[in-house]
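Just so you know, the protein sequences line up as chains A and B, in that order.
According to UniProt numbering, the first sequence is numbered sequentially starting from 1.
According to UniProt numbering, the second sequence is numbered sequentially starting from 1.
Incorrect hints may have been included.
All copies of an identical chain are treated as equivalent in the list; a pair is satisfied when it fits inside any one copy or across any two copies.
Mimicking DMTMM-like on lysine to aspartate or glutamate, the simulated pairs with C-alpha atoms at most 25 Å apart in a straight line are [stated by the list, open to error]:
(1) K66 / E424
(2) K335 / E590
(3) K541 / D144
(4) K225 / D334
(5) K47 / E88
(6) K180 / E63
(7) K80 / E594
(8) K149 / E63
(9) K512 / E99
(10) K335 / E167
(11) K335 / D185
(12) K283 / E573
(13) K331 / E590
(14) K47 / D81
(15) K541 / D81
(16) K180 / D338
(17) K335 / E594
(18) K180 / E280
(19) K485 / E590
(20) K77 / E382
(21) K331 / E573
(22) K512 / D334
Worth flagging that the hints you see were computed from the coordinates, not collected in a lab.
Here the structure is a predicted model, which means the values were calculated and not measured.
There are 2 protein chains.
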Amino acid sequence: MPSYKAPLEDVGFLLNDVFQFDRYNNLPGFADASADVREAILGEAAKLSENVLQPLNRVGDLEGCKRHDDGSVTTPKGFKDAFKQVAEGGWLGLSAPAEYGGQGLPVTLSQTVAEFQISANMAFSMYGGLTMGATAALIVHGKDEQKSKYLPKMIAGEWTGTMNLTEPHCGTDLGLLRTKAVKQDDGSYKITGTKIFISAGEHDMADNIIHLVLARIEGAPAGIKGVSLFVVPKVLVNDDGSLGARNGVVCGSIEHKMGIHGNSTCVMNYDNATGWLIGEENKGMQGMFVMMNEARLGVAVQGLAQSEVAYQNAVAYAKDRLQGRSLTGPKSPDKPADSIMVHPDVRRTLLTIRAFNEAARAMVVWTALKSDVAHRSDDAKERQAADDHMGLMTPVLKGILTDGGFANAVSAQQMFGGHGYIAEWGMEQFVRDARIAMIYEGANGIQALDLVGRKLPRDGGRAAMAFFGEVAAFAKEHGGDEAMKPYVDPLSNALGHLQQATMWLMNNAMAKPDNAGAGATDYMQLFGLTAFAYMWAKMAKIAQDKIAAEGATPFLTTKLVTGRFFMERMLPETALHLARIQTGAATTMELPAEAF
Amino acid sequence: MPSYKAPLEDVGFLLNDVFQFDRYNNLPGFADASADVREAILGEAAKLSENVLQPLNRVGDLEGCKRHDDGSVTTPKGFKDAFKQVAEGGWLGLSAPAEYGGQGLPVTLSQTVAEFQISANMAFSMYGGLTMGATAALIVHGKDEQKSKYLPKMIAGEWTGTMNLTEPHCGTDLGLLRTKAVKQDDGSYKITGTKIFISAGEHDMADNIIHLVLARIEGAPAGIKGVSLFVVPKVLVNDDGSLGARNGVVCGSIEHKMGIHGNSTCVMNYDNATGWLIGEENKGMQGMFVMMNEARLGVAVQGLAQSEVAYQNAVAYAKDRLQGRSLTGPKSPDKPADSIMVHPDVRRTLLTIRAFNEAARAMVVWTALKSDVAHRSDDAKERQAADDHMGLMTPVLKGILTDGGFANAVSAQQMFGGHGYIAEWGMEQFVRDARIAMIYEGANGIQALDLVGRKLPRDGGRAAMAFFGEVAAFAKEHGGDEAMKPYVDPLSNALGHLQQATMWLMNNAMAKPDNAGAGATDYMQLFGLTAFAYMWAKMAKIAQDKIAAEGATPFLTTKLVTGRFFMERMLPETALHLARIQTGAATTMELPAEAF
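If we strip away everything but chain A, and leave its shape as in the complex, we get (with noise of 0.2 Å):
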């Protein structure tokens, strides 16, 4: 059975030391986060991610959930009461507005708190997940009485939420759906059509689900300019906060998946159900990417902590099994074989891992600050500067975070040899519940679209310079220093390749756009890896300041290493990408689509 500890040591260090969170102190919710209260509420995190939803992860895999003749959903055994201890606990409210009955800390913290519990649980902490998902769409676009109805409710984790936009013929262009909305007397709408892929869409947790729903009001525009959002809860809900009738939406079936059984992702017929609008007609998008871009760093999350877990069972396994000699003769003589942690091929998978691992959470920290400055800083340029982050960032992340998850997933299985494919040992089930996280929230060859094709030339490439120019900074301060020349000279010679195809792109793509879709994912993969490196510099400068200040300690010797591994073995690949790139779309376009 596989096990789980939350890595406070590497999130302390990230908050403390390389990102000094504590200089953020002047905008709402971080004095209130100080030092000894992160490790306060982390510990805690860490406890309820370990003892209670740990051991429930293979339980929810096994059982699944079950949807009854009448609709209802059994969730699988120990899920429920786990349920309301996250809820009891505040846990869903952590980041979420007091006025709402939200702890208003920094996201910087729940996004970390994510992080265990997706590792301990990632079908169970979807529930959660998408109910913060709804509320911030709720918070951003919905109307006062909307605010105050189903909010909190909602941060209190007595009610849960829904994002509903698929439906069977169309996903990625969600200008074809088809699902109705017909405006009543009384200003609601009869919501009617089919959604699929609903995630926790209906279950047995909680009291009500509020769900939000893009749908075309009858006579609205064709395509994607003629979509509005709705909430349309399961249960109506009296004007006094009570349940009232059962609306008119039903959970039809449960799909058969390849993972995240735990989770009951739905096919959700609407039949006439009573919606009411969110935000303006036919804007329904704006509020949907509201929730879509809170979705999608929480789905990079889940890349990394499956990376995470299936990494630290890995090592355990390697440390324990005993099989053949080390090359340069027995390290255990006096056992029967060498533990293979001697075998070379192993280090290498584990560290490949580990340095994924340590450079993604150091970019979700840095993206979830980002995220803190953009919505809690009263300085409307840093504001923005924080915003242009959040949206260069977000398609790269998910996108970077959940491919690498589960490359890594499957290769901590293959540390197991034969046994890693068998299912009582846990791994094989962390690689098909990390396959999804490449596909929902947008596949991540969408991802990759959005980079190239909207944020990087979003405001004249506002975005992407200042990135260049704060990585190139970094590398004009350090370059001089003996030390940080392993980190230093590839993060620049990264930077060059990020920056030659950029180049590329703005030169080749503008009358031939199918020059940036041929190359958009080598794009994204070179832009994470340049970020990955600009990671691992920093919190390589900052092990080497602490270690000269403080001496050295096992962690941060090993920080060293880790990020030494990663300019060597793993940067450079952005010199393959920059080579793809320049290639062009000719020959991918060649074939007429018969040939295929």
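Add chain B to chain A, keeping to what the hints say.
Below, chain B without anything else, positioned relative to chain A:
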């Protein structure tokens, strides 16, 4: 529901044109496989795979195998009938010796048939595949009476075979195995122990199961030099060939696996089971190596086969799925959206899979031909050269085709968006089934070590030098041909990287073997890419010649474009592998195990 069409045109191109099968007519069995006979056989094999085996693929996944309290195992509905058809059609004995009832046709042909059957139904195909592996060991190392007792029934598919290597505490390091054999007065042995991960270990499709079992004879030396190979039938066979008493071997349980549910993967308990020595005492690994080499090629074909069927279904979906518009303006303005085939990122993905599949298939045919030469030529030098090739390419094929096959199944699944994660579409089964091929018959890290540590240096590097020489000669011969430049120049560049990497290992890994271990996987990938490039250059040359002689066809034009895609987009990866190899082991091995 997924579908499958055997790639007959591509196979015909390889057999008839690229490798000129008829040149080998001097070898036994080849003249019997003239072009029209081949076409007839492959056409029948295609029909069987498409119409009988493929429809059972999902059934097998859903039902799995069921063990009953008496240790018997029921295979999924339809498997027994299908196996009867395969057996009665003579498919198991296609290239088995005529003296035991086989047809004596070239392995090149049976390997191609195997690809079709594995694409159609991987779990099913393993019952026959393992039987053929077991017969190979018996043919080479069995005593005459063992051969006449077991081979005819196995080749006829009345009985099946297994390989029993792994025990709970050892897989890779078989020297640790504990199953013991005690010699009896009549020359037989009593075998006692537990074997795990025994594919096709127990089932209801044949009257008897012939287990080949590694065990340690009482008093044998410790380690791998004390391991012997035994034949242990499930039901004892009387001297007249009739079935006698049940032997002391029983299926203790069926493993719960990530995939290949249609194959019964068993824990086998041997309790004083009667067995007979194959080959000499303590030389069991010799017989096992015959099976393992056979099996490794078979597993390599599993990688290719799953990649091929996943590709076919991804293409069908991509042509059918309307979503979004082309970046260069609507391509189907009369429809609500364009098919996703208009998107460069979709084509990039599909071409990557296709370019892999066609190169991989060429590698398999090339190597199968060498296997035929090695076993059937009467020229000792020719046999040796062919055997060198087999030894060198077996780990490369196993590692590269299964790593790539799995990655391609994942990419093909990605084309389906959310539907790819849903069981009914069948794509996630391809992923789960393909995953095992990276693990069994020697995990791919072991293949890489086998290549770098054993196959490369063997006989002073003779096999590798021959391969380098052949590729260099091809490049020299066609380097001046302008039309071949897009293929030959990248091939030469890749060969240069491979030679540099080989030189680096010679100079750096003798004294420090960890340098070989740390670079092994990258070296295997670099080797595989270079071999693929050679296959593509050969195929391009033949395609160009055929176009010049007979005019262009869609097949030949597509071949040339796909080959250019490989050279432009996939082959540049060789530089990355070289860079990684040249970093050596220092950083990888720097940390103490506790630091992980």
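- Query: Among the hints numbered above, which are violated by the structure, and what are their numbers in rising order?
  - Reply: 3, 6, 7, 8, 9, 11, 12, 15, 20, 21
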